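Below, each chain spelled out in residue letters.
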Amino acid sequence: MAKNSTSPLNKVARMLDLVPYLHAHQGIALETLAQNFGVTESEMNADLTTLWMCGLPGYTPLELIDLSFDSGFVTIRNAQTLENPRSLNKEEAIALLLGLDLVRSALSVEREDLITKIDLLSQRLRGLIGLQAQLKAEPAIDGSIRSTITRSIASGTSLDIRYHSLYADRISQRTILPIEWQNDAFHEYVFAYCDQAQSFRTFRLDRIQYANEGVKKLKAEKVSQMIESPARAYRIRIHSHLRAARELFEFEGDDKELHTGIEKEISSFTAEWMRRMIFSAGASVELLSPEAERADIVSNARALLALYEGK
Amino acid sequence: MSRKSERLVNLTIALLATKRFITKSEIFRTVEGYEGSPETKERMFERDKDDLRNLGIEIEVGSFDPLFDDEAGYRIRPESYALNLADISGEDLGLLSLAAEAWRGAALDGAAQSALLRLSSIGVVSDIDSLPAMTPRLSSSHISFETLTTSITSRIPVTFNYIAADLSIEVRIVDPYGIATRNGHWYLVGFDHKREGIRIFRFDRIDGDISKASKGKSYEIPKDFDLVAQLSGADSLLTSHLDIRKGKAHVLRHMATKVEDVGEWDRISISYPDVERMIKLVLWHGSDAKVISDDGLRTGVVQALHELVSLHG
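For the record, the sequence lines run as chains A and B. Per our numbering, residue 252 is the first one in the first sequence, and the count goes up by one each step. Per our numbering, residue -4 is the first one in the second sequence, and the count goes up by one each step.
No wet-lab data here; the hints were simulated from the structure. Computed from a prediction, not measured in an experiment: that's the story for all the values here. One thing to keep in mind: the hints can contain errors.
Straight-line distance between alpha carbons at most 25 angstroms, and here's what the computed SDA-like set of lysine to any residue pairs gives [stated by the list, open to error]:
1) LYS468(A) with SER398(A)
2) LYS36(B) with SER406(A)
3) LYS241(B) with THR294(B)
4) LYS19(B) with ARG38(B)
5) LYS253(B) with ARG458(A)
6) LYS44(B) with ASN261(A)
7) LYS387(A) with THR154(B)
8) LYS189(B) with LEU386(A)
9) LYS387(A) with TYR182(B)
10) LYS468(A) with SER406(A)
11) LYS253(B) with ILE422(A)
12) LYS243(B) with ALA522(A)
13) LYS470(A) with GLU498(A)
14) LYS387(A) with GLU86(B)
15) LYS19(B) with LEU386(A)
16) LYS14(B) with LEU313(A)
17) LYS253(B) with TYR559(A)
18) LYS243(B) with LYS468(A)
19) LYS387(A) with VAL223(B)
Take these sequences, add in the hints, and give me the full structure.
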């Protein structure tokens, strides 16, 4: 909002919104007012000065909007015509509709009262802009958790997390040392050393409800010694399904030049994870090296085929 | 600059305060800021009308007396100008604040905040305390919502470059039927002109931005269109039976509609919309999952395994 705050049209929009806002918040501090409207105090001062000259035709003191703001607190009088807030535009209504749907899906079913309220509000908002199209929002993965984990991977510091284990359907508190991001075609995971399990575990990002700097510090050097080996380099060749490969492996650098037959180097701490990636990519991605892993793919696939064909 | 904004505010007040239509000449005479030659004033007024309309303010054009062919008059109806959401309670306002808050840092942050500003001018105090403590967030996207929101409200087709499965870029023309988020991704669902069917587009696979289709004609959204069903492909679910190792393959286990203990393994039934995705998921689980039913899923998995062997052998 602040980006174009000085364009005449934005200024008009702001002044029209200022009148009802001031009417509902008489005596508000200029500083707070500027903050709430996302402009500087001097911009707000300029708006108020302009508004002070506006009013009904005739423009006698009787018809002009009566503002007082020189003491640092703003009050308004004589602005009945603009007293009611303007209706919402399409973008604003859609923003609220999507937001409401998100809140709705985040509410527990017991709050039926609120769900009913949201449905009523949505109906009215849709009516306001005559919307036919459908909107649906689901809670996204909390961006702050993602960035906390990314920071922790970079700095080698441990985290306290609250984790919802799908399998046990239980919520547990854990102290982890995140090592790397991993993802399959469906979800994002963080591969980490878990203090409680005294071993390495994979945590699905959308199941982490909370992450904060760990009270107990896990030593990064000690943990890294426990990993079978440091991150290993894997060389792959992409044969088809370029988009899927790009989204799965998240190549660094410019991946606009991807083409079939291209070779890429990626690194991972776990051979197990790499094997799963190659498997789930079907035959669209080939593992070139290390040789031993390549041979493993073959023997694993053969063993699995035997399972299918044996019975 | 402030002259113009002052004139526009004055014009809004004048048009809003009048009960009858007022003519252009009345406006030029009484509203402050219209100066210069008749042509200049005329041009100013035309631009001002457009500007107010761009702000979403509806200016009504009519005449004084239907019996006479009078000069056209103008006014803004207070009912169309003012926000009318009927009775809003403090709790309603609290919910709307949460809804606006969900956009923090994401695409419609600005619009959400200005909507909230207006709602807080109604004179109702927002009641957040009665709501459960939560801060759901919408994920951000590189697509600007401006074109998209006008398109879906005015039902105008949009066009964009879409990255196909082989990374080639194709121009698509789509009648937007809905927008949704799922698993942290934004999706546009609509009627694809070239494919002549409903298709789903993931925002991060759109190269560049979305724009209005130049030859776009307004369209109707079919009454039976169901966004949620469309996204989950619920109208064409496939069912397969799998054996999964005990204590393993939790993602598959979670999807199961039925679990049966068969000794070393658990036998599960799962329903899914997309066989290609399901093949990947089964392969992901390696020797922890085996398709039992004789269907496309099994064929797909076995074929992929053969290909893996021949590729790496």
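These are the hints, each one checked on the structure:
1. Annotation: proposed proximity of LYS468(A) to SER398(A) holds, straight-line Cα distance about 19 angstroms (limit 25 angstroms).
2. Distance restraint check for LYS36(B) and SER406(A): the Cα-Cα separation of roughly 65 angstroms exceeds the 25 angstroms cut-off, and the hinted pair is therefore not satisfied.
3. Pair hint LYS241(B) plus THR294(B) holds up; C-alpha atoms about 24 angstroms apart against a cutoff of 25 angstroms.
4. As the CA atoms of LYS19(B) and ARG38(B) are separated by approximately 12 angstroms, the hinted pair is consistent with the 25 angstroms bound.
5. Between LYS253(B) and ARG458(A) the alpha-carbon distance is near 23 angstroms, which keeps this suggested pair within the 25 angstroms criterion.
6. Proximity of LYS44(B) to ASN261(A) is assessed by CA-CA distance (about 15 angstroms); at most 25 angstroms being required, the pair is judged to hold.
7. Using a Cα cut-off of 25 angstroms, the hinted pair LYS387(A) and THR154(B) holds, with the two alpha carbons roughly 21 angstroms apart.
8. About 24 angstroms separates the Cα atoms of LYS189(B) and LEU386(A), which keeps this hinted pair within 25 angstroms; it holds.
9. A threshold of 25 angstroms between alpha carbons decides the hint, and for LYS387(A) with TYR182(B) the separation of about 10 angstroms falls inside it, so the pair holds.
10. A distance of roughly 12 angstroms separates the Cα atoms of LYS468(A) and SER406(A); the hinted pair therefore holds under the 25 angstroms criterion.
11. Restraint check: the Cα-Cα separation between LYS253(B) and ILE422(A) comes to about 24 angstroms, which is no more than 25 angstroms; the hinted pair holds.
12. A distance of roughly 18 angstroms separates the Cα atoms of LYS243(B) and ALA522(A); the hinted pair therefore holds under the 25 angstroms criterion.
13. For the given pair, LYS470(A) sits about 32 angstroms from GLU498(A) by alpha-carbon distance, which is inconsistent with the 25 angstroms threshold.
14. Only pairs whose Cα atoms come within 25 angstroms are accepted, and LYS387(A) paired with GLU86(B) is accepted, the gap being roughly 22 angstroms.
15. The hinted pair formed by LYS19(B) and LEU386(A) fails the criterion: a straight-line CA distance of about 42 angstroms is larger than 25 angstroms.
16. For the hint linking LYS14(B) to LEU313(A), the alpha-carbon distance of about 20 angstroms falls within 25 angstroms, and the restraint holds.
17. As the CA atoms of LYS253(B) and TYR559(A) are separated by approximately 22 angstroms, the hinted pair is consistent with the 25 angstroms bound.
18. Restraint check for LYS243(B) and LYS468(A): the C-alpha separation of about 31 angstroms exceeds 25 angstroms, so the hint is violated.
19. For a cut-off of 25 angstroms, the pair hint linking LYS387(A) to VAL223(B) stands: about 7 angstroms separates their Cα positions.
Hint violations for this structure: numbers 2, 13, 15 and 18, all remaining hints satisfied.
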